[in-house]
Structure formats: C-alpha cells, structure tokens
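Q: If you want the building blocks of each chain, they are given just below.
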Amino acid sequence: MLWLWWEWEEWAVSLQKCSPDVALLLLFDYDKVELANMNRLFFQPHQAGLSKVEAAEHTLRSINPDVPFESHNYNITTMDNFTHFMNRISHGGLEEGKPVDLVLSCVDNFEARMAINTACNELGQVWMESGVSENAVSGHIQLIIPGETACFACAPPLVVAANIDEKTLKRDGVCAASLPTTMGVVAGLLVQNVLKFLLGFGTVSYYLGYNAMQDFFPSMAMKANPQCDDRHCRRQQDEYKKKEVERPKQEVVQEEEEVVHEDNEWGIELVSEVSEAELQDASGPVPDLPEGITVAYTIPEKDGASGETVEETDQSLEELMAQMRKM
Amino acid sequence: MADEATRKAVSEIPLLKTNSGPRDKELWVQRLREEYLSLIKYVENNKAADNDWFRLESNKEGTRWFGKCWYIHELLKYEFDMEFDIPVTYPATAPEVAIPELDGKTAKMYRGGKICLTDHFKPLWARNVPKFGLAHLMALGLGPWLAVEIPDLIAKGIIQHKEQQNS
Chain Z
1 MLWLWWEWEE WAVSLQKCSP DVALLLLFDY DKVELANMNR LFFQPHQAGL SKVEAAEHTL
61 RSINPDVPFE SHNYNITTMD NFTHFMNRIS HGGLEEGKPV DLVLSCVDNF EARMAINTAC
121 NELGQVWMES GVSENAVSGH IQLIIPGETA CFACAPPLVV AANIDEKTLK RDGVCAASLP
181 TTMGVVAGLL VQNVLKFLLG FGTVSYYLGY NAMQDFFPSM AMKANPQCDD RHCRRQQDEY
241 KKKEVERPKQ EVVQEEEEVV HEDNEWGIEL VSEVSEAELQ DASGPVPDLP EGITVAYTIP
301 EKDGASGETV EETDQSLEEL MAQMRKM
Chain S
1 MADEATRKAV SEIPLLKTNS GPRDKELWVQ RLREEYLSLI KYVENNKAAD NDWFRLESNK
61 EGTRWFGKCW YIHELLKYEF DMEFDIPVTY PATAPEVAIP ELDGKTAKMY RGGKICLTDH
121 FKPLWARNVP KFGLAHLMAL GLGPWLAVEI PDLIAKGIIQ HKEQQNS
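Just so you know, the protein sequences line up as chains Z and S, in that order.
Heads up, the first sequence is in our numbering, so the first residue is 1 and it goes up one at a time.
Heads up, the second sequence is in our numbering, so the first residue is 1 and it goes up one at a time.
Worth flagging that the hints you see were computed from the coordinates, not collected in a lab.
Don't take every hint at face value.
Derived CB-CB ranges, DEER-like [unchecked claim]: (1) S:K25 / Z:D215: 48 to 58 Å; (2) S:H120 / Z:E244: 39 to 49 Å; (3) S:A107 / Z:P45: 14 to 24 Å; (4) Z:S306 / S:K25: 25 to 35 Å; (5) Z:E96 / S:A49: 37 to 47 Å; (6) Z:P285 / S:E79: 39 to 49 Å; (7) S:A5 / Z:L199: 51 to 61 Å; (8) Z:R247 / S:A107: 50 to 60 Å.
BS3-like cross-link-like pairs, simulated, lysine-lysine; straight-line CA separation at most 30 Å [unchecked claim]: (9) Z:K223 / Z:K241; (10) S:K60 / Z:K326; (11) S:K77 / Z:K32; (12) S:K156 / Z:K32; (13) Z:K223 / Z:K196; (14) S:K108 / Z:K32; (15) S:K162 / Z:K326; (16) Z:K32 / S:K114; (17) S:K156 / S:K108; (18) S:K68 / S:K156; (19) S:K105 / S:K156; (20) Z:K326 / S:K17; (21) S:K77 / Z:K223; (22) Z:K242 / Z:K223; (23) Z:K326 / S:K156; (24) Z:K326 / S:K47; (25) S:K114 / S:K8; (26) S:K25 / Z:K98; (27) S:K68 / Z:K32.
Backbone N, C-alpha and C define an ideal beta-carbon position, used for all residues, glycine too.
Same shape as in the complex, but just chain Z:
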C-alpha cells in the first residue's frame, strides 16, 4: 500500500486500526508539522518542525507496531524525485521488487494529483484519489483504474456542487478554509472504499462525492476519455479493450444513474472580470454528469488562444540561452 498525503492523516489512523489487512505502508509527503495543522491532523504540538512523514511514522507505530513503514520526505513533482517515486510504486510492494497493491492520494493540489496520475497511468497502477474543496464543505473519493475508468486527466477537475451562494463563503484575501469534520468524513469514505476494494466485499464506488451542506452523496462512474491528453492513459485504454475482448462474457448488473444535464451558467458573476466574448471562447462541452457533480471549468473544442507562434529558427538551445543572458 502506498500513501501520499500533504494534508489528511485521518486516513492513516483508520487504516492502522484495520492493520491485519495492511501489511506495509509507504508514505510520501514533503511538508513539516506546523501548529496550524493541529485543528485536524493527528500530530501533536511537540512534533512541530518534524517532517510530516517522520511524525506520522512515530504516531502510527505507537498505534500499531506491527506494520512496517517506509517514508520519503520529498516533493514528488520534481524531475529528481519523480523517478524515485515511480520506482517505489513499481518495486516497493510487500515483496521487494513487486509493485504496491494500491496508491492513495490525499494531497491538496492539482499539480500533485496530476503527477500521481502520470505515474499510475504509465505503470498501470490502480489508485484512489481523494480531496476536500477549498471551502471545506464538500469532498470526494475516486477510484482510478488506468485504461478502465477515467484517469485524473480525462476530464477537467470535478467539483461537488455546493448549492450555496459562493459569496457567503468566500472572503477576500483568504485562500482556503479547513474543517476537520469534512476531512474526517472523506477519510472514512476513502478507507471504507479501500477495505471493500482490497477485501472484496460490498460495492466499491468509482466516484463518491460528499456535499456537507445538504448531506448529499452523489456517486457515479466515469469512463476513460479516448482523447485524453495523457498518452499512457490512451495506451492503457487500448490494452484494457484487448483484455475485455478476450474475457468470457459475464452478466453484470449495473445501476445506471439518471443523468441530468447541467445548465452551463457557472461563468456568470455580478461583476465579471471576464467579458462575454471571452466567456464564450472559454466554454467547452460539459460532460454528462449526475446531479450534484459538475466540472471546475471546461475546455473549449476550438484551440484556445490564437496568435503568432514562436518563429522557426536554426539557433541551438545554447545560443538561445546565451542570447537571453545578454539581454
């Protein structure tokens, strides 16, 4: 089992308690414990200043000393670390040299999710992604099986619709809110899904959202996008199709969610900084999503910015670097 988190350690505590089923944990994080974390994480003030993975290991060991750990305190999105990270996914399993069984992403930013997505697509690694919104009143978990389900890059980031006036929540100059209760719920949903997946009971959710304001839990499954920008996702889709053809047919009972097409009004504000023309240009097709789930933004079908491209030149990279330095 491999874990990445930059924010929520409730996951860790729940899983530790279920430990007979969890034989090994790899932890990746590049943050330090701070006093600001005390509202929601399982660290204690005396651990402030330690790296989160180090502090987490101490705390988790005391809960369950029988689970071995491997922790890495680095930023996975840099070139140097990413290669090592991919290596640990593919070789850091229970038996060294074998891949891990599952990757759990509990990070708090788009860039890290994309990096994990890139790695898992390339390796064909099953993973679960989770998150809590910036306004702290919604969250989600998502199961991603490269080639079979949508990957994280197949569609723009999904958002659990909040059905509240954003202005009552957003305050100028403040970046994000944090509610330990929302995180606790999402942590529970994630670990529950992990147990069902690993132990084979119940129905594993492909996507489960949590709208805290209305206690609404939209769920759905999203198929992979044949035009996904990530070529490894497309490759995995081809391989999955081949495998499906070879598999004997099974009777599958699937509950189809009634799909309600969203009104594409999300771009309208009282005082818009974006002109009508720009809004039109920026709007693309909204995927078919059930009630309660929408996308953070859309990508237009036509090509985005138009204008002159860089000129053709014979100059080498070194010559260009030197030219820049002389400016």
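Assemble the complex: chain Z is given as a structure, and chain S must be docked to it using the hints.
A: Just chain S now, kept in the frame of chain Z:
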C-alpha cells in the same frame, strides 16, 4: 483575464508549439528552444514598452529556472529573486513560481514562498495547454501577483526599499 494592458501584452507573446515535458528527452530540447524564443520576444517587447520587469535563466537541462523580477512603486525600484522547478507534468501543469524572501510575509503565498495565483489562472492555463509557456506564466501569473501584493506589502511596512534599509 486581467486588465487591458495585461491582455495586450499577452497577445504579443509568441505561442508555443511542442507539447512535451522534461521527461521527453529530444522533444524537451525542442520545447526549451521555443520557451527561450518566446521569453526573449516577451522581454524585447517589455523593453520597447519601457516595462522591462524580469529576467530568467535555467540550468542546462531546463528543469530549474531562476532570475529576478522588479516592481516600480512611487518611483522606487524593488527587486526580488525568484525561482521555480519544471514539474514532471509540464506543460499540463504550470510551475509554481517562488519568491523565497517574501515567504511568510503575505497570506497570498504558500510555504517556501510559492505565490498563490487567482482562481482565473489555472482554468486559463488548462485551456491553453500547450500553447502557453513560461513567458505566459510570467505575464499572467507573476506579473499580476506583484502588481497586487507589492504595493500592499509596502503600504503595510512589511517590505522596504533597499536604500531605506541601509540609511
């Protein structure tokens, strides 16, 4: 998008063609050449408009970038060092520009001095992958951030001009 001046400046930055990241070996070299071409043109445009506000250079592999940016407030020029790494998922994800010396001085910053961009930036970048490059990151990301944050930090007395510090 931002104001008229920014829009105009951005429209004059050459767009990039090659969709490749730092893991793509030969194609990455091609992308780097395009990044430099675009940056050089943008800096030339800025000089012509009497608004030369940054310099950037990279390591040999083009994976680490560093440089300086300037902001003029009430006739005084404030200078800041900046740096960023190219993430493995570039250009699908934009690099996080950091100004380490301002770390902890404003709420609009993550740890390590990484500047916090507005809600508009990420969707705008996503819509224009791979045509936007580092020059666009400067024009749409760092530029507007400086324009909002620096006057505010000066007004609050959190940063002072270097000459005032020495006197």
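Q: Hint by hint, note whether the structure agrees.
A: Comparing the hints with the structure gives:
1. Separated by about 50 Å at the C-beta atoms, K25 (chain S) and D215 (chain Z) satisfy the suggested range of 48 to 58 Å.
2. A beta carbon spacing of about 41 Å between H120 (chain S) and E244 (chain Z) agrees with the range 39 to 49 Å that was offered as a hint.
3. The beta-carbon spacing between A107 (chain S) and P45 (chain Z), approximately 23 Å, falls within the hinted interval of 14 to 24 Å.
4. Taking 25 to 35 Å as the suggested C-beta distance range, the pair S306 (chain Z) and K25 (chain S) conforms, at roughly 30 Å.
5. For the pair E96 (chain Z) and A49 (chain S), the beta carbons lie near 59 Å from each other, so the given range of 37 to 47 Å is not met.
6. Between P285 (chain Z) and E79 (chain S) the CB atoms are about 45 Å apart, so this pair conforms to the stated range of 39 to 49 Å.
7. Between A5 (chain S) and L199 (chain Z) the beta carbons are some 59 Å apart, a value that agrees with the proposed interval 51 to 61 Å.
8. For R247 (chain Z) and A107 (chain S), the Cβ-Cβ distance of about 54 Å falls inside the hinted range of 50 to 60 Å, so the restraint holds.
9. In summary, the hint linking K223 (chain Z) to K241 (chain Z) is supported, as the alpha carbons are separated by about 12 Å, within the 30 Å threshold.
10. Proposed proximity of K60 (chain S) and K326 (chain Z) is supported: the alpha carbons are some 16 Å apart, at most 30 Å.
11. For the hint pairing K77 (chain S) with K32 (chain Z), the CA-to-CA distance comes to about 35 Å; that exceeds 30 Å, so the pair is violated.
12. Taking the CA atoms of K156 (chain S) and K32 (chain Z), the gap is near 28 Å; set against the 30 Å cutoff, the hint holds.
13. Our distance criterion of 30 Å between C-alpha atoms is met by K223 (chain Z) and K196 (chain Z), whose separation comes to about 21 Å.
14. At most 30 Å may separate the alpha-carbon atoms for a hinted pair to count; K108 (chain S) and K32 (chain Z) meet this at roughly 19 Å.
15. With a C-alpha separation of about 25 Å, the suggested pair K162 (chain S) and K326 (chain Z) falls inside the 30 Å cut-off, and the hint holds.
16. For the given pair, K32 (chain Z) sits about 16 Å from K114 (chain S) by alpha-carbon distance, which is consistent with the 30 Å threshold.
17. A C-alpha spacing of about 15 Å is found between K156 (chain S) and K108 (chain S), which places the hinted pair at or below 30 Å, so the restraint holds.
18. Restraint check for K68 (chain S) and K156 (chain S): the C-alpha separation of about 23 Å stays at or below 30 Å, so the hint holds.
19. Distance hint between K105 (chain S) and K156 (chain S) is fulfilled; the C-alpha atoms sit about 10 Å from each other, no more than 30 Å.
20. With a C-alpha separation of about 25 Å, the suggested pairing of K326 (chain Z) with K17 (chain S) holds against the 30 Å cut-off.
21. Taking the CA atoms of K77 (chain S) and K223 (chain Z), the gap is about 53 Å. The hint is violated against a cut of 30 Å.
22. In summary, the hint linking K242 (chain Z) to K223 (chain Z) is supported, as the alpha carbons are separated by about 16 Å, within the 30 Å threshold.
23. With a CA separation close to 36 Å, the supplied pair K326 (chain Z) and K156 (chain S) exceeds the 30 Å bound.
24. For the given pair, K326 (chain Z) sits about 13 Å from K47 (chain S) by alpha-carbon distance, which is consistent with the 30 Å threshold.
25. At most 30 Å may separate the alpha-carbon atoms for a hinted pair to count; K114 (chain S) and K8 (chain S) meet this at roughly 26 Å.
26. Proposed proximity of K25 (chain S) and K98 (chain Z) is supported: the alpha carbons are some 28 Å apart, at most 30 Å.
27. For the given pair, K68 (chain S) sits about 28 Å from K32 (chain Z) by alpha-carbon distance, which is consistent with the 30 Å threshold.
Consistency note: the structure conflicts with the earlier hints numbered 5, 11, 21, 23.
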